[in-house]
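Peer 1: Protein sequences appear in the order of chains A and B. Per numbering that gives the first Met the number 0, residue 0 is the first one in the first sequence, and the count goes up by one each step. Per numbering that gives the first Met the number 0, residue 0 is the first one in the second sequence, and the count goes up by one each step.
Don't read these hints as lab results, they were simulated from the structure. Incorrect hints may have been included.
[Said to hold, decoys possible] Here are some chain B residues the structure puts well away from chain A; computed CB gaps all over 12 Å:
#1 V5
#2 R28
#3 G84
#4 P102
#5 A109
#6 Q113
#7 E173
#8 E177
#9 V186
#10 L204
#11 E240
#12 P287
#13 Y305
[As the list claims (entries may be wrong)] Derived Cβ-Cβ restraints for the label pairs, each shown as a range:
#14 B:P175 x A:T229: 26 to 32 Å
#15 A:L61 x B:G103: 40 to 46 Å
#16 B:T290 x A:L61: 28 to 34 Å
#17 B:A53 x A:T229: 42 to 48 Å
#18 A:T156 x B:G201: 21 to 27 Å
#19 B:D88 x A:R70: 53 to 59 Å
#20 B:T290 x A:D110: 39 to 45 Å
#21 B:T290 x A:L224: 19 to 25 Å
#22 A:T124 x B:E233: 33 to 39 Å
#23 B:G288 x A:R148: 26 to 32 Å
#24 B:D299 x A:D196: 42 to 48 Å
Just so it is clear, CB atoms sit at the ideal spot from N, CA and C, and this is done for glycine as well.
The chain contents come next:
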Amino acid sequence: MNAPRIENAGLGGWLVRLFDTIDEANLPWVTALARQCESAFGPALVDLVPSYTTLLVQYDPLMLTPDQAQRRLQSVLAELAPDESDASGSEKELPVWYDPSVGPDLPTLADARALGLEQLVALHTQTTYRVFALGFAPGFAFMGSLDPRLEAPRLATPRPRVPRGSVAIAGRQTSAYPAVSPGGWNLLGRTPVTLFDRHRHEMSYLQVGDRVRMVPVSREEFLRLGGDTTPLEAS
Amino acid sequence: MSSGPVVALDVIKAGPLASLQDAGRFGVRHLGITQGGAVDLHAWAWANQLVGNAWGAAALEVTFGGLQLQASRDLTLALCGADLGATIDGVALSPWRTLQLAPGQVLGFAAPRQGMRAYLAIAGGFHAEPVLGSRAGVAREALGGHDGEGRQLAVGDALRVSTPAQSPAPSVLEVPREQRPDYRQTVVLGLVPGAQIGAFSGRSLFDAFNAEWTVDSRSDRMGIRLAGPVLNSEVGNLVSEGIALGAVQVPPDGQPIVLLNDRQTIGGYPRLGTLTPLACSRLAQCQPGQTVILKPQPLDRAQAEYRTFRKPFAG
Numbered sequence: 000m001n002a003p004r005i006e007n008a009g010l011g012g013w014l015v016r017l018f019d020t021i022d023e024a025n026l027p028w029v030t031a032l033a034r035q036c037e038s039a040f041g042p043a044l045v046d047l048v049p050s051y052t053t054l055l056v057q058y059d060p061l062m063l064t065p066d067q068a069q070r071r072l073q074s075v076l077a078e079l080a081p082d083e084s085d086a087s088g089s090e091k092e093l094p095v096w097y098d099p100s101v102g103p104d105l106p107t108l109a110d111a112r113a114l115g116l117e118q119l120v121a122l123h124t125q126t127t128y129r130v131f132a133l134g135f136a137p138g139f140a141f142m143g144s145l146d147p148r149l150e151a152p153r154l155a156t157p158r159p160r161v162p163r164g165s166v167a168i169a170g171r172q173t174s175a176y177p178a179v180s181p182g183g184w185n186l187l188g189r190t191p192v193t194l195f196d197r198h199r200h201e202m203s204y205l206q207v208g209d210r211v212r213m214v215p216v217s218r219e220e221f222l223r224l225g226g227d228t229t230p231l232e233a234s
Numbered sequence: 000m001s002s003g004p005v006v007a008l009d010v011i012k013a014g015p016l017a018s019l020q021d022a023g024r025f026g027v028r029h030l031g032i033t034q035g036g037a038v039d040l041h042a043w044a045w046a047n048q049l050v051g052n053a054w055g056a057a058a059l060e061v062t063f064g065g066l067q068l069q070a071s072r073d074l075t076l077a078l079c080g081a082d083l084g085a086t087i088d089g090v091a092l093s094p095w096r097t098l099q100l101a102p103g104q105v106l107g108f109a110a111p112r113q114g115m116r117a118y119l120a121i122a123g124g125f126h127a128e129p130v131l132g133s134r135a136g137v138a139r140e141a142l143g144g145h146d147g148e149g150r151q152l153a154v155g156d157a158l159r160v161s162t163p164a165q166s167p168a169p170s171v172l173e174v175p176r177e178q179r180p181d182y183r184q185t186v187v188l189g190l191v192p193g194a195q196i197g198a199f200s201g202r203s204l205f206d207a208f209n210a211e212w213t214v215d216s217r218s219d220r221m222g223i224r225l226a227g228p229v230l231n232s233e234v235g236n237l238v239s240e241g242i243a244l245g246a247v248q249v250p251p252d253g254q255p256i257v258l259l260n261d262r263q264t265i266g267g268y269p270r271l272g273t274l275t276p277l278a279c280s281r282l283a284q285c286q287p288g289q290t291v292i293l294k295p296q297p298l299d300r301a302q303a304e305y306r307t308f309r310k311p312f313a314g
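With the hints as extra help, turn the sequences into a complete structure.
Peer 2: This is the structure in structure tokens:
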């Protein structure tokens with residue numbers, strides 16, 4: 000780990016940058032920092048947003064000045080040690096129907112890499128992914144790391160409406176959209192799994208630390224599991 | 000007298016968008032759940048203040064207009080924020096004041112004359128079950144609002160009040176004149192520069208803080224797009240990280256997006272910095288086509304400005 004940096008995130012926020020690149024070994028440091036911030040900030044803490052390499056700390060600007068908040072972070076960081084429970088998380092599977100009608104970026108990505116659709120799907124399904132963070136939308140799991148041959152930039156202009164269950168990639172990351180939302184990731188297919196339900200005990204199907212495998216399914220199997228086949232253009 | 004919540008207003012015509020909003024949903028962003036809450040804190044806070052509600056009470060955020068509400072009892076309300084051509088039984092009503100409705104009277108909203116969002120507060124606060132600690136309605140996440148499921152108001156819905164006012168209606172109260180912005184003016188928005196600002200080219204930084212930016216029509220409670228000169232940065236796609244209210248992100252098309260209350264919790268576009276909370280509030284009242292100017296603002300100035308803003312509001 001390099002020296003952590005505390006970056007300006009506007010009024011009532013500091014972004015702690017612990018690492019520069021995505022690595023499974025980051026996880027226990029980020030979770031430890033989040034836990035330590037809970038006790039260091041107490042009632043002045045508003046929210047914590049952990050991610051691959053960073054922790055966004057939001058505090059109440061009526062209770063702390065930016066300097067006071069920064070000093071608390073500095074003392075937490077000076078004593079930080081990683082969590083030991085890195086073995087946490089369970090095995091999960093995501094059935095995915097890979098098809099251009101629900102994964103419109105599939106042909107473009109395959110062409111650009113001179114791959115067949117089947118080869119591209121095989122590259123996406125061969126890896127067991129790790130959930131690094133939940134974010135962007137309730138239950139949206141940031142998973143890594145993608146085979147380098149699948150690495151793809153986000154779209155220059157995000158789509159205004161990505162259908163629920165869309166399985167997508169961006170950079171070295173993969174995920175699935177739990178609900179309809181705008182999105183800039185490349186769409187490969189769709190999963191029938193309900194990824195977020197606030198009435199469930201575990202609201203999010205995927206949890207930080209989980210090990211996730213994508214399982215290709217046919218259109219029939221996708222429908223049997225409750226999937227919605229409405230093409231992107233019509234949804 | 001009954002002590003439970005009672006129906007205050009019935010929706011007899013739905014507009015494009017109206018939802019209950021409070022100060023926001025906090026402590027759950029690590030699950031990917033957004034902040035929500037009133038996008039114009041200034042007008043929302045004054046509406047609650049006029050009817051004696053503490054900070055955090057749920058008020059109705061009416062976007063654009065089109066809504067008609069019928070009173071089912073004697074009500075004391077306050078209307079602040081945008082002038083959406085409000086009327087009581089057809090008689091024009093200007094915002095930034097309290098108003099009384101008798102049973103059967105209709106409060107209507109037409110279309111924006113200035114601003115985009117009006118806030119309607121009721122003495123005692125609108126009633127709704129808090130969902131994950133907040134009444135903020137977020138349609139995309141199906142959380143909060145009048146029904147707990149984030150649905151926007153529709154014909155036949157009712158708005159309830161927690162503790163109906165028992166006392167006789169007070170005289171009309173108004174927000175001090177200097178606290179009522181003219182939303183038609185080109186406004187200067189304070190931006191606290193962020194850590195990635197050095198990654199933008201010199202030309203882009205000059206443009207960012209000297210151009211007049213046009214508010215794009217592709218704007219909502221998640222974010223407001225600004226159209227103007229193309230901004231370039233050396234940073235490509237970043238590793239996704241937590242995003243604060245007001246973050247000004249620049250996707251590869253070079254057109255900034257200011258992220259508001261219903262933003263994604265995590266994202267990976269480079270950022271110029273973060274608008275102050277009050278700059279976000281003011282931007283949320285700009286109509287598409289209006290222009291704004293971005294101006295760097297030090298963090299301590301933003302802090303002082305926010306503390307001054309919060310002073311009049313209890314709780």
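Peer 1: Each hint: holds or not?
Peer 2: Hint check:
Every CB of chain A lies more than 12 Å from the CB of V5 of chain B, the least distance being 27 Å, so the non-interface label holds. Remark: the non-interface label on R28 of chain B conflicts with the geometry, its nearest Cβ contact in chain A lying 4 Å away (cut-off 12 Å). For G84 of chain B, the condition that its CB be more than 12 Å from all CB atoms of chain A holds, with the nearest at approximately 28 Å. Under the 12 Å C-beta cut-off, the non-interface status given to P102 of chain B relative to chain A holds; the minimum distance is some 36 Å.
With a least CB separation of 27 Å from chain A, A109 of chain B remains clear of the 12 Å interface cut-off, as annotated. Every C-beta of chain A lies more than 12 Å from that of Q113 of chain B, the closest at about 27 Å, which supports listing it as non-interface. Under the 12 Å C-beta cut-off, the non-interface status given to E173 of chain B relative to chain A holds; the minimum distance is some 26 Å. The beta carbon of E177 of chain B sits about 22 Å from the closest Cβ of chain A, which is more than 12 Å, so the claim that it is off the interface holds.
Its beta-carbon lying about 18 Å from the closest one in chain A, V186 of chain B satisfies the requirement of being farther than 12 Å from that chain. The non-interface label for L204 of chain B is consistent with chain A: the shortest C-beta to C-beta separation is roughly 16 Å, beyond 12 Å. Non-interface call for E240 of chain B relative to chain A: violated, since the shortest CB-CB distance, roughly 4 Å, does not exceed 12 Å. Listed as a non-interface residue, P287 of chain B keeps its Cβ farther than 12 Å from every Cβ of chain A; the least gap is roughly 15 Å.
Here Y305 of chain B does not stay apart from chain A, with its beta-carbon only about 6 Å from theirs, under the 12 Å limit. Range check, P175 of chain B to T229 of chain A: Cβ separation about 52 Å, and the 26 to 32 Å hint is violated. Between L61 of chain A and G103 of chain B the C-beta distance comes to about 42 Å, which sits within the given range of 40 to 46 Å. Checking the proposed 28 to 34 Å range against T290 of chain B and L61 of chain A shows it holds: the Cβ atoms sit about 32 Å from each other.
Range check, A53 of chain B to T229 of chain A: about 45 Å between beta-carbon atoms, so the 42 to 48 Å window is met. The hinted range of 21 to 27 Å is satisfied by T156 of chain A and G201 of chain B, whose Cβ atoms lie roughly 25 Å apart. Between D88 of chain B and R70 of chain A, the C-beta spacing of about 58 Å keeps the proposed range 53 to 59 Å intact. About 42 Å separates the C-beta atoms of T290 of chain B and D110 of chain A, a value consistent with the hinted range of 39 to 45 Å.
For the pair T290 of chain B and L224 of chain A, the supplied restraint of 19 to 25 Å is violated, since their beta-carbon distance comes to about 50 Å. Between T124 of chain A and E233 of chain B the C-beta distance comes to about 35 Å, which sits within the given range of 33 to 39 Å. The hint said 26 to 32 Å for the Cβ distance between G288 of chain B and R148 of chain A, and at roughly 45 Å that hint is violated. Taking the beta carbon of each, D299 of chain B and D196 of chain A are about 43 Å apart, inside 42 to 48 Å as hinted.
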